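Number 127 marks the last residue of the sequence shown (the working numbering); no jumps.
Hints were generated in silico from the structure; no laboratory data involved.
Predicted model, so just to flag it, every value in this text is computed and none were measured.
Do not take every clue at face value.
What the hints assert, rightly or not - Quick list of in silico lysine to aspartate or glutamate cross-link-like pairs, EDC-like style, CA-CA up to 20 Å: (1) 75 / 15; (2) 55 / 7; (3) 75 / 96; (4) 59 / 76; (5) 59 / 101; (6) 59 / 33; (7) 59 / 34; (8) 75 / 34; (9) 59 / 15; (10) 56 / 97; (11) 56 / 7; (12) 59 / 85; (13) 41 / 99; (14) 56 / 15; (15) 41 / 78; (16) 29 / 97; (17) 41 / 101; (18) 55 / 101; (19) 75 / 101; (20) 41 / 97; (21) 55 / 68; (22) 55 / 86; (23) 55 / 85; (24) 56 / 85; (25) 29 / 86; (26) 59 / 86; (27) 41 / 15; (28) 41 / 26; (29) 41 / 68; (30) 41 / 85; (31) 55 / 99; (32) 29 / 7; (33) 75 / 86.
Claimed, not checked - Derived DEER-like restraints, expressed as beta-carbon distance ranges: (34) 34 / 56: 29 to 37 Å; (35) 4 / 55: 13 to 21 Å; (36) 27 / 68: 16 to 24 Å; (37) 22 / 68: 20 to 28 Å; (38) 38 / 15: 14 to 22 Å.
All C-beta atoms, glycine included, are put in the ideal place defined by N, C-alpha and C.
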Amino acid sequence: MPFYEHTVIARQDISPQQAEALNDQLKHLIEDNGGHIAKIEYWGLRNLTYRVKKNRKGHYSLLAIDAPAAAVKEMERQLGINEDVIRFLTVRVEELDLELSPILSRRDRPERAERTESFAAEQGA
Numbered sequence: 003m004p005f006y007e008h009t010v011i012a013r014q015d016i017s018p019q020q021a022e023a024l025n026d027q028l029k030h031l032i033e034d035n036g037g038h039i040a041k042i043e044y045w046g047l048r049n050l051t052y053r054v055k056k057n058r059k060g061h062y063s064l065l066a067i068d069a070p071a072a073a074v075k076e077m078e079r080q081l082g083i084n085e086d087v088i089r090f091l092t093v094r095v096e097e098l099d100l101e102l103s104p105i106l107s108r109r110d111r112p113e114r115a116e117r118t119e120s121f122a123a124e125q126g127a
């Protein structure tokens, strides 16, 4: 089966739990159609570069999918109907990258916390 990376942007006014529920819904849809989701990353509420359907922010999610083309087509059809989804993009890739994406790895960098602490110490001094 081919591999895909799928990014979904959901509306800013839904809760993070609803965004996670959307990811679970996509997971069940792919698995019911004979596919497998290798990785789901929820990136959180992030700013959009420009307004999309009157939204300035969106809940971003990345899915690494191993599924037949028919399953991906059905997923895209369902996302087109869903009013909570403002954008999505599916890209076929040669192999799945199961490591943390640069978005999440940047958020968890330890040196960032050290810089924040040193800046706070300088401001307090």
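Each hint, compared with the structure:
1. 75 / 15: violated (27 Å)
2. 55 / 7: With a Cα-Cα distance of about 23 Å, the restraint between residue 55 and residue 7 is violated, given a limit of 20 Å.
3. 75 / 96: holds (18 Å)
4. 59 / 76: At roughly 26 Å apart (the allowed maximum being 20 Å), residue 76 and residue 59 break the hint.
5. 59 / 101: At roughly 26 Å apart (the allowed maximum being 20 Å), residue 101 and residue 59 break the hint.
6. 59 / 33: The given pair, whose Cα atoms are some 29 Å apart, is violated under the 20 Å limit.
7. 59 / 34: Answer violated: residue 59 to residue 34 is near 31 Å, above 20 Å.
8. 75 / 34: With a Cα-Cα distance of about 13 Å, the restraint between residue 75 and residue 34 holds, given a limit of 20 Å.
9. 59 / 15: holds (9 Å)
10. 56 / 97: Between residue 56 and residue 97 the Cα gap is close to 35 Å, so the pair fails against 20 Å, i.e. violated.
11. 56 / 7: violated (26 Å)
12. 59 / 85: holds (15 Å)
13. 41 / 99: holds (9 Å)
14. 56 / 15: holds (11 Å)
15. 41 / 78: Given that 20 Å is the threshold and the Cα spacing comes to 18 Å, the pair holds.
16. 29 / 97: holds (19 Å)
17. 41 / 101: The hint holds at about 9 Å.
18. 55 / 101: Judged against 20 Å, a Cα distance of about 32 Å means the pair is violated.
19. 75 / 101: It is violated: about 26 Å lies between the C-alpha atoms, which goes past 20 Å.
20. 41 / 97: holds (13 Å)
21. 55 / 68: Violated, at about 30 Å.
22. 55 / 86: holds (11 Å)
23. 55 / 85: Holds, because 11 Å separates the two Cα atoms, which is no more than 20 Å.
24. 56 / 85: Roughly 13 Å between the alpha carbons, so the hint for residue 56 and residue 85 holds.
25. 29 / 86: holds (17 Å)
26. 59 / 86: Answer holds: residue 59 to residue 86 is near 13 Å, not above 20 Å.
27. 41 / 15: violated (25 Å)
28. 41 / 26: holds (12 Å)
29. 41 / 68: holds (10 Å)
30. 41 / 85: With Cα atoms ~24 Å apart, residue 41 and residue 85 exceed 20 Å; violated.
31. 55 / 99: violated (31 Å)
32. 29 / 7: holds (13 Å)
33. 75 / 86: Roughly 18 Å between the alpha carbons, so the hint for residue 75 and residue 86 holds.
34. 34 / 56: 29 to 37 Å: The hinted range 29 to 37 Å holds for residue 34 and residue 56, with Cβ atoms some 33 Å apart.
35. 4 / 55: 13 to 21 Å: violated (30 Å)
36. 27 / 68: 16 to 24 Å: For residue 68 against residue 27, whose Cβ atoms are near 18 Å apart, the range 16 to 24 Å holds.
37. 22 / 68: 20 to 28 Å: Taking Cβ atoms as reference, residue 22 and residue 68 lie about 21 Å apart, which means the hint holds.
38. 38 / 15: 14 to 22 Å: Given a distance of about 32 Å, which is not inside 14 to 22 Å, the answer is violated.
Going through the hint list in order, the structure does not satisfy hints 1, 2, 4, 5, 6, 7, 10, 11, 18, 19, 21, 27, 30, 31, 35, 38.
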